[in-house]
Structures are given as C-alpha cells and as structure tokens.
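Listed below, chain by chain, are the residues.
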Amino acid sequence: MLEVRELSTSYGAVRALQEVTFTAPRGEVTAVLGANGAGKTTLLRTITGLVRAQSGSASYDGRELTRTAPELMPGLGIAHVPEGRGVITELTVEENLRLGGLGRGGRVRPEELERIYELFPALADRRAALAHVLSGGERQMLVLGRALMAEPTVLLLDEPSLGLAPRIVAQLFELLQSLVVEQGLTVLLVEQNARSALSIAHRGVVLSLGRVVVDERADVLAGDDQLRHAYLGF
Amino acid sequence: MQQLVNTLLGGLTLGMVYAAFALALVLIWRSTRIVNFAQAPMAMVTTFVALRIIEGGHSYWLGFAAALVAGLVLGAVVERVLIRPVEGKAEINAVILTLGLFIVLHALAAVVFGNRYRSFPAAFGIRGIEVGDTTIALTGFGIFTIVAVLVVMGLLVLLFRFTDLGLRMRAAAFNQEVARLLGVRVGRMLTLGWALASLVGSLAGLLIAGGSLVHPGYMDAVVVYGFVAAVLGGLDSPAGAVVGGLLLGLSLSLVSGYVGSQLVALAALAILMAVLLLRPQGLFSQARERRV
Amino acid sequence: MRRLLGQPLVLALLGAVVIIVVLTGVDDFRAVQLTQMAYLGIAAGGLTVLTGLNGQISLGHGALMAIGAYTTALLLQDDEPTLPLLAVLVVATVVTLVVGAAIGVAAARLHGPYLAGATLALAVAVPGIALYFGDTLGGEQGLRVRVPDPPGWLLDAAYFVTGQDLTPSTYVAFLGWFVLVVTYVGLAHLSRGRVGRRWRAVRDDEVAAEVAGIALGRARVSAFVVSAAAAGAAGFVMAVSVRLAAPSGYSLTLSLMLLTAVVLGGLGTLSGALVGAALLTFLPQVITDAGVSAGLDDIRAAELAPLVYGLVLVAVVLLAPAGLVGSLRLAWHRLRATTTSKGAT
Ligand SMILES: Nc1ncnc2c1ncn2[C@@H]1O[C@H](COP(=O)(O)OP(=O)(O)OP(=O)(O)O)[C@@H](O)[C@H]1O
Ligand SMILES: [Mg+2]
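Protein chains in written order, with numbering that gives the first Met the number 0: chain W, 0 to 233; chain Y, 0 to 291; chain U, 0 to 344.
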C-alpha cells in the first residue's frame, strides 16, 4: 500500500503541493487527475525524491520514500516513468531495457529480455536500433518495458497517453490492466485523459492547485456528472 | 616524396596522441557538458610524477604506471571536490573554474618540480626505422605511441559497449534524471568518467613527453589541439574525436613540414573556426543542429 | 552631491587629480608598476565589458594586446618618430579594433566553452605569427620600441604643476593613466547608455532580447569590438612601458591574468577590473617575498603569486560568484540596509 500523508512542497513562492493525502491500495490502479499545473507531476517527483518534500510523507509498506534517494527506488520495487517518456535516445532499445533490469541489482538474464519482447513484439524487431528512431507509441512501450524489467511492485506513470493515438492508448491501458491483474502491481496513474484513466482505475484522486479536491471510487467519480463537469471536463 | 611520407607518418603518430587527448575531453563533455581546460596541466602533473619516479632510479614502466594511476586519482578528486559544485550551473562558472585549476596546477608544478626544461626518457628507440637504405620517420617509440593509444581505445570500447558499468556510465552521461530513477548512482558514474578521462589525458601527456623535453607548460598547446580535434568530431562523439585527432595530426604535420612549425597553432585556429562556422555539429555527426 | 559624483566625467576629473598627486610623489620603480597596473586595468576594463556585461568570455585578450603592442612597435622603430605618440595610440587601437571586429564576427556565433576554446586557440596561435614573420616582427627577441621624448611644452607644464622634472618612467605612467581614464570614461558611457542596455539584455536572456528587437549578432560583435579596442590601447601602453614587443610577453599567461583580474573584480564593474589589475600588479611582490622568507628560492617563490591567483579564481567560483569586489559590495549594501533600517526605527 502506497500512503501519501500531508505531503507539501513548493518551488520558491509557488506552492505546488499542499498537504496532499491519499492511499493507493496494493493491486489497484489509482488515477491522479487534474488540470495542467495542478501538481500531478510534482506529486510523483516528490514521492520518488526528485523534488524535496517540505513536510509530510509518502511511504510504501511502511518504508518512507520522500527522504530516500531516487537511485534507491528500483531496489524498493518502485518504478517511476517520468513525464515525456524518458527513453534514453542515445542508447539502443535493448540497452534501455537492460538498464531497467540493472536497477534491481545483479545481472540481466536473457529470459528477462525475452519476456518483455513477448509483451511488446514491436520492440523485438528493433532491439538493436537506437531508441532515437522509435515512434511515440514504441517509445511508450519501451519505457513501460524498461520499468517492468526491474520487476517492480509499484508503478508510477506520468501521462503515458500523452501524444498517442486513441487506439494505442486503449491498447496500452488494456495491457496495464492485465499487468495489474496478473502481477498484483500497485499503479499510480497520472493522466490528463481522465475518461480512459478512470475506465481502468479503481480510485480517482483529483488535484487542483496542489490540493486533493476529490478522492473517490473511480466508477462513482466517472458517474457523478457534477464532479466530472467541475474537475474533469467531460 | 620521401618527405611527404615522413611528414604523414609523423602526423599519424601525433594524430594518435591528439586523438587520445580529444577523447579525454569528449568523455568529460559528454557527461558533464564541461570542457576541461585543465586537462593539459593535469596530464603535465602526472608526467612529472613519472619523471620523479624514473629519475629516482626506478624503471620507466613503473613511472608510466604511476602516472596513469595518478591521472585516475587526480581526475576523480577534481570532479568530486571542484566540479561537483558547479555542475548544472551557468557555463561560465565551469570555464573559469577549470582555468583557475589550470593556473594552480601550472604554478604548483613550477614550485614543486621547478620551471626548467627537463628531458623525459622514451621506452623505445627514438631513431627512425631503416627500410633498405632510407630511414623513415616512424620510430620505435612512435609505434609504441600508436599501439598504446589503440589499446586504450579498445579497452574503452569494451568498457562502454559491453559491460554493465559502461552502460550505466553512458546512461548517466546522456540523461541524469532517468538514469537516477533507474537506480544508477549518477554521482559515482561522473566521478569515474572524469577519472578515466584524466587517465587517458595522462597517457597522452606521457606519449608526448617521451624522448623530448617537459616543463610546466609543455602540454598547453595540446589542450588546444585536443579541443580542435574534439570539435572536428562533434565534441559528443568518441569515434569522432579519434578521427578528428588523426585528421588534425596529419594536417598540422603538413603545415609544420611545408609552411613552418610556428604557424601550427594558427592553422589549428583556422581549422577550428572553419568547422565551428561551417559545420558546427562536427564533420561526422548526422545529429541535428547543435548550438555552439 | 551623490548624483554628481556618480557621473563618469566628474569621477574622471577626480581620478585625474588623484593620479597627478600620486604619480608626482613616486620613484621610477613605482611609476613602472603603476604603468603596469594601468595597462592591465585598461585591458581588464575592456574584458569586463565583454564578459560581465555581454556574457561572452575571451581567453584571447592577451593576443589582442599583442596586436596593439606590435603595431606600436612597428610605428616606433626609428630614432626620429614618424608619428606623434598619441597618433600611434590611435593607430594601434584602430588596428586592434579591426582585427577584433573580424574575430568578433566569428565569436558572436559561439557561446560558453566553444568561445573559450576558440579564444584560447587565438591566445596560443598569435605568438607564433611573430616567430614566423621573424624578419619584420623580430622573432623570439621581439621588436624594440623607441619612445620619443616628451614634448617640451609638456615638460614645462609638468614642472609648473608638480615642481619636479618628468622622468621617462613617470612620463609613460602619466600616459598610461591618461589612456586608462579616457578608456574608462568611454566604457562607462557606453555601458550606461543604450548600447550597454542591449549588451546586458543579450547576456541575461537571448530570446527576450531578440523578441525586443535587439540584433543579437550586432550586440555581440559591438561588445567584442569595444573590448578589443581597449585591449589594443592596453597593448600600446604595455609596449611603450616595456619598450619591447616580444612573443613571450603575450603568452597565454597574460590572457589568463586578464581573466583573473576581471573575475577578482566581480565580472562587470570597471572599478572591479581596476581593483583586479591592482591586485595583479602589487600582490606578486608581497607573495614572492613571503615565499623567499619561507625558504623557497627566487624562481620558485615567483610562482607562488600565480598559485595564489589560481586558488583565488577557484575559490571565487565556488564561494563568491559575485567576485571579490561584488561580494564586498553586496556585504556593504546589506550593512547599509540594516543600519538605515535601524536608524529609521
Ligand atoms: N521546476 C519548477 N520550477 C518552478 N515551478 C515549477 C517547476 N515545476 C513545476 N512548477 C510549477 O508547479 C506547479 C505544478 O506543476 P506540475 O508540473 O506538477 O503540474 P502537472 O499537474 O503535472 O501539469 P501538467 O498536466 O501540465 O503536466 C505549476 O504551477 C508549475 O508551474
Ligand atoms: Mg505533469
């Protein structure tokens, strides 16, 4: 269980997170929604320690995360896929994947790579290509595959649907859902695309100006016209 | 004809050294976006370490090895103590910092080792090899120079291409934040990168010193040539640095042989400006436009 | 009163009085030192405009000084001068300015480390030219500079004002400080005016400057040209003072010294550049003496001064990015702010 307690942080005078509190239960998808600039990216970055938390905490199974160095996250089973995808374009597809596997410590076995290639056959054909040449959808598969290489238990995804065609988004979310079911992953899914996100999420947390304004079951949130209009715009 | 062959052979040997030096600059640039102008005096200091050991009656190879180790350590210390605080800050900070270090090492060497010219031994003959009844300008030490640089480059390729450590180092160089999230200890990788670069720089220093004279400023022009070679190759590409080094070595050798050795630095400046203004991304890179 | 004191011209007049008083009282040795301070100060002032106001770095200003110095030397070869000294100054400045314009056009397209590397190459390359054209430029030995005697009216005037005869060294010192004052007044005017605003705008934010209609290239080139002209004038003073233009005087070391002066002075103020020049002129003797009394031989002790500069350069970047003068000024402002706020309550 990922627990965020009264987490606050700011960039100079901008208070990006103000006492954010919610929990993401194990084996569930929790969607984090909100307008541009609501603080969603900041939330993920503060959890993994890329941004310093001013007060409050985020913990996973009792282990405090915000004061742990980001380098240690893979070792704790936490994979953070940053906004804008974060493929390392100067490395090949396979090198990106191997890098993901190294994060857990120890060597990368060929079977582990094959498992990812089975999941994303498009990557298998391009394994020796520089990630630079991949399309947006392929890059998204690559970063997801790379995150899975570390065999995480928690997946923090920052706008995975950004810039993808609706069909690809649907495939991606389907895959995500099956991973959650099969591997019991805990997912924190930051999305602009609220409708798609809520379709696979168990809970929805809506941020506005750095505060949690809604924390509801996903189906309730998606079904409540008033909430939807007020915060999600669909 | 013979003169041309000899000039080109001399250029090849020199080019290998410039290539090594350029490679050192590229390794650092790639990971920290800093041009280490202090690379030259760092190499100079380690060469003096070797000279001390050799003059103390020990073997050339002990001095050689000690200089390389000294280079490794010096690179790591410089990164940790001096460079870390300015990483990611305005470019001018790092430029001034490395120049400050340049001055410090220069003066320190002059205080500790003295300011005169001293001869540095070579491991192999420095007379030209005789083919039939003509002597060509390839010396035993020249061959050693070429082989040594090739070996070091080969080892670096092995490290970067085929080991997990090399993969981590490249990841840290290309994208620090993503690398951190994937569990790479970026700080350690940068330190290691500086250490390796400094080792390669030390090798270049030893090879230039071999069979010739050293003093605190003997590497100063080489940092310019190394920089030009690195820019020729695009500053980001190790392979480009090597090709750039060879090209520059040959060109400068031709200038020195046919125009005048005094104009070598000017020729390097002209080549640098031509590249920066006409093909800023370097001769060999297909990469997108680069801001220089 | 404070407004009045802030005017460059008024400051210059005050400065001139101070200079006359100081230079009148000193012996030849000090006069030579003060001349050195003047030429370092002139070049550092130019460099400060370039680096501090426009954000371009140059490691090649020593080479630009060489161009001014060699021009001066070529014009002052004969026993009977063909041109009056001030005309030589003008020619040396203009020649360096033209060369600087050519370099500036190329440099305007470079930034940060690339510009540093290119100007470093310039610093290393230029002395070689003097060696290559040894017949005209004197090779390793360099060219002797024959400084014409001061004109009679000046001797009379000097005697009238100071009550002493003008020695050749004091004459050159006056000349150097005259050039310094003129240069600084010019630089101050430029940097306070429209041109200076453009330079700063380009330094602070290229995109914003471009949006505001400032031609980036032109602003950069003009900064380089102005700064090169100052270096040329400094080269003139140096040649006249040393009475020699030789490659060894214009090595990379000189370029790095100038950069040191500018950084010590806090990148961007003329007063800082002058303080930096003073430190570079007067500190070495103190440090060397300390070294000798600590048991080092003379040659090694002489290297202690650059060691200290280098360390200070490193320390300034790490600890006081505003430079020595800048940091002192900040501290002074803070002090004043607290005392005035106390006074108000
Ligand atoms: N590095 C930074 N420095 C200063 N302010 C920042 C920084 N990063 C984010 N902010 C500010 O913090 C607030 C939250 O930003 P954040 O990126 O977390 O929003 P977001 O919800 O992810 O938005 P989007 O949907 O556009 O990605 C915004 O007001 C933003 O301008
Ligand atoms: Mg975001």
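Take these hints with a grain of salt, some might be off.
Sample of chain W residues facing chain Y (criterion: CB under 10 Å; computed from the structure) [to be verified]:
| # | residue |
| --- | --- |
| 1 | Thr47 |
| 2 | Leu49 |
| 3 | Pro69 |
| 4 | Val80 |
| 5 | Val86 |
| 6 | Asn95 |
Label pairs and their in silico Cβ distance ranges [stated by the list, open to error]:
| # | chain 1 | residue 1 | chain 2 | residue 2 | range |
| --- | --- | --- | --- | --- | --- |
| 7 | U | Arg29 | Y | Asn114 | 21 to 31 Å |
| 8 | Y | Arg160 | U | Arg193 | 28 to 38 Å |
| 9 | U | Thr135 | Y | Leu276 | 56 to 66 Å |
| 10 | U | Arg193 | Y | Lys88 | 22 to 32 Å |
| 11 | U | Leu317 | Y | Leu158 | 24 to 34 Å |
| 12 | U | Arg29 | Y | Val4 | 32 to 42 Å |
| 13 | W | Glu113 | Y | Leu158 | 19 to 29 Å |
Negatives, chain U to chain Y, calculated, CB over 12 Å [unchecked claim]:
| # | residue |
| --- | --- |
| 14 | Pro7 |
| 15 | Leu12 |
| 16 | Thr118 |
| 17 | Ala124 |
| 18 | Gly138 |
| 19 | Pro149 |
| 20 | Thr166 |
| 21 | Ser168 |
| 22 | Ala208 |
| 23 | Ser254 |
| 24 | Asp288 |
| 25 | Ala304 |
For the record, the hints were derived by calculation from the structure and aren't laboratory data. Heads up, the beta-carbon is just placed ideally off N, CA and C, and yes, glycines get one too.
Checked hints:
Annotation: Thr47 of chain W was flagged as interfacial toward chain Y, and the flag holds, the nearest CB pair being 7 Å apart, inside 10 Å. Interface restraint check for Leu49 of chain W: the shortest CB-CB distance to chain Y comes to about 7 Å, inside 10 Å, so the restraint holds. Proximity of Pro69 of chain W to chain Y holds as hinted, the smallest CB-CB distance being about 5 Å (cut-off 10 Å). Taking 10 Å as the C-beta cut-off, the interface hint given for Val80 of chain W holds, the closest approach to chain Y being about 8 Å.
The interface hint given for Val86 of chain W is met, as the beta carbon of that residue sits about 8 Å from the closest beta carbon of chain Y, less than 10 Å. Because the closest C-beta pair between Asn95 of chain W and chain Y is about 9 Å apart, less than 10 Å, the hint holds. Look at Arg29 of chain U against Asn114 of chain Y: about 27 Å separates their beta carbons, and that is inside 21 to 31 Å. The supplied range of 28 to 38 Å is broken by Arg160 of chain Y and Arg193 of chain U, whose beta-carbon atoms lie about 55 Å from each other.
Between Thr135 of chain U and Leu276 of chain Y the beta carbons are some 29 Å apart, a value that contradicts the proposed interval 56 to 66 Å. Separation of Arg193 of chain U from Lys88 of chain Y is about 30 Å and conforms to the stated range, judged on CB atoms against 22 to 32 Å. Distance hint check for Leu317 of chain U and Leu158 of chain Y: the Cβ-Cβ separation is about 31 Å, which falls inside the suggested range of 24 to 34 Å. Under the hint 32 to 42 Å, the C-beta atoms of Arg29 of chain U and Val4 of chain Y, about 60 Å apart, miss the expected range.
The hint said 19 to 29 Å for the Cβ distance between Glu113 of chain W and Leu158 of chain Y, and at roughly 26 Å that hint holds. At roughly 27 Å from the closest C-beta of chain Y, the C-beta of Pro7 of chain U stays outside 12 Å, upholding its exclusion from the interface. Once the 12 Å rule is applied to beta carbons, Leu12 of chain U is consistent with being away from chain Y; the minimum gap is 35 Å. For Thr118 of chain U, the requirement that its beta carbon stay farther than 12 Å from each beta carbon of chain Y is not met, with the minimum near 10 Å.
For Ala124 of chain U, the non-interface assignment is contradicted: its Cβ lies about 4 Å from the closest Cβ of chain Y, within the 12 Å cut-off. Non-interface status of Gly138 of chain U relative to chain Y is broken: a Cβ of that chain comes within 12 Å, the nearest being about 9 Å off. Under the 12 Å C-beta cut-off, the non-interface status given to Pro149 of chain U relative to chain Y holds; the minimum distance is some 37 Å. Once the 12 Å rule is applied to beta carbons, Thr166 of chain U is consistent with being away from chain Y; the minimum gap is 33 Å.
Chain Y leaves Ser168 of chain U outside its interface by the beta-carbon criterion, the shortest separation being 29 Å against a cut-off of 12 Å. Interface exclusion of Ala208 of chain U from chain Y stands, the closest Cβ pair being 16 Å apart, more than 12 Å. The beta carbon of Ser254 of chain U sits about 10 Å from the closest Cβ of chain Y, which is not more than 12 Å, so the claim that it is off the interface is violated. Against chain Y, the non-interface label of Asp288 of chain U holds: every CB pair exceeds 12 Å, the least being about 15 Å.
At roughly 8 Å, the least C-beta separation between Ala304 of chain U and chain Y is not larger than 12 Å, which violates its mark as non-interface.
Hint check: violations occur at hints 8, 9, 12, 16, 17, 18, 23, 25; the rest are consistent with the structure.
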